Amino acid sequence: AQSVTQLGSHVSVSEGALVLLRCNYSSSVPPYLFWYVQYPNQGLQLLLKYTSAATLVKGINGFEAEFKKSETSFHLTKPSAHMRDAAEYFCAVSDHPGGGFQKLVFGTGTRLLVSP
Amino acid sequence: DTGVSQNPRHKITKRGQNVTFRCDPISEHNRLYWYRQTLGQGPEFLTYFQNEAQLEKSRLLSDRFSAERPKGSFSTLEIQRTEQGDSAMYLCASSSVSGARSEQFFGPGTRLTVL
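Chains as they are written, first to last, in the numbering used here: chain A, 1 to 116; chain B, 1001 to 1115.
This is chain A alone, in the form it adopts within the complex (with noise of 0.2 Å):
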């Protein structure tokens, strides 16, 4: 069964500074892969995805993931953090069996926390 694990539950970075979220992935099959923002009180926010295409994935607020096949990993990045990017970070895989019905399989999340 496909899982994802998320290395720290919080991140604490300056505004300005780098910005980099871990997640590994297990799956029997080539993944997708996709990170959701939650912001307090609110849904998850879909930040970008991986189906098999570019390895660099660009997603939307300046944020970017790498997936790595050798080294089972889908991290997130941002160069240059805001305080607005103050959220909790889900990495996620699809469980897509047959039939065109997708579960999405969630890591415990992170906390990123930005400081002026």
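Keep in mind the hints are simulated off the structure, nothing from the lab.
Note that the structure is predicted; figures quoted are calculated from it, not measured.
Each hint should be verified, as a subset may be incorrect.
[Stated by the list, open to error] If you only want the chain A side, here are some residues facing chain B, beta carbon under 7 Å, derived: (1) Q42; (2) G43; (3) L44; (4) L46; (5) F90; (6) K103; (7) F106; (8) G107; (9) T108; (10) G109.
[To be verified] Across the chosen pairs, the derived CB separations fall in these ranges: (11) B:K1071 / A:T72: 39 to 47 Å; (12) B:G1003 / A:M83: 22 to 30 Å; (13) A:T108 / B:R1015: 22 to 30 Å; (14) B:T1038 / A:S115: 25 to 33 Å; (15) B:A1053 / A:P116: 46 to 54 Å; (16) A:S115 / B:Q1080: 40 to 48 Å.
Every residue gets a Cβ at the ideal spot worked out from N, C-alpha and C, and that includes glycine.
Following the hints, complete the assembly by docking chain B onto the known chain A.
Just chain B, lined up with the frame of chain A:
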């Protein structure tokens, strides 16, 4: 607003009571998902509809839980005889394209507190 909407946003109930949540997906989306998110965890899949048909249910969905999607539009999730362990955020998502490439759009969730 054409996003996924959920009502109510918050529900407080006493143990043993029944509760029902509603999800209105994006209008052209034929696929609808329910997830449950407990404190400090990522969302966990509960069930999936394609149009009005419920095609997949998680083992997490005990017999106290029932979901419907009449006419393939809005969906309801009912929990009977609530327990304190049911306290969580219940998220609904919808998508329109078949296969794993489709993006799921999430609603704001319904936060359930069982006293």
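Structure-based check of each hint:
1. The beta carbon of Q42 of chain A comes within 6 Å of a beta carbon in chain B, closer than 7 Å, and the hint placing it at the interface holds.
2. For G43 of chain A, the suggested interface contact is upheld, since its CB lies about 4 Å from the closest CB of chain B, less than 7 Å.
3. Residue-level restraint check for L44 of chain A holds (minimum Cβ-Cβ distance to chain B is 4 Å; threshold 7 Å).
4. With 7 Å as the threshold, the beta carbon of L46 of chain A comes within range of chain B, its nearest partner Cβ sitting at about 5 Å, so the hint holds.
5. The criterion of a C-beta within 7 Å of any C-beta in chain B is met by F90 of chain A, whose closest approach is roughly 5 Å, and the hint holds.
6. With its C-beta approaching chain B no nearer than about 5 Å, K103 of chain A sits inside the 7 Å limit, and its interface hint holds.
7. Here the hint on F106 of chain A is kept, as its CB sits about 3 Å from the closest CB of chain B, short of 7 Å.
8. The closest approach between the C-beta of G107 of chain A and any C-beta of chain B is roughly 5 Å, which is under the 7 Å cut-off, so the hint is satisfied.
9. At about 5 Å, the closest approach between the beta carbon of T108 of chain A and any beta carbon in chain B falls short of 7 Å, and the interface hint on this residue holds.
10. With 7 Å as the threshold, the beta carbon of G109 of chain A comes within range of chain B, its nearest partner Cβ sitting at about 5 Å, so the hint holds.
11. Remark: the range hint 39 to 47 Å for K1071 of chain B to T72 of chain A is upheld by a beta-carbon distance near 43 Å.
12. Against the hinted window of 22 to 30 Å, the Cβ-Cβ separation of G1003 of chain B and M83 of chain A comes to about 25 Å, which satisfies the hint.
13. Checked against the hint of 22 to 30 Å, the pair T108 of chain A and R1015 of chain B passes, with Cβ atoms roughly 27 Å apart.
14. For T1038 of chain B and S115 of chain A, the Cβ-Cβ distance of about 28 Å falls inside the hinted range of 25 to 33 Å, so the restraint holds.
15. The hinted window of 46 to 54 Å between A1053 of chain B and P116 of chain A holds, with their beta carbons roughly 51 Å apart.
16. Taking the beta carbon of each, S115 of chain A and Q1080 of chain B are about 46 Å apart, inside 40 to 48 Å as hinted.
In this structure, every one of the numbered hints holds.
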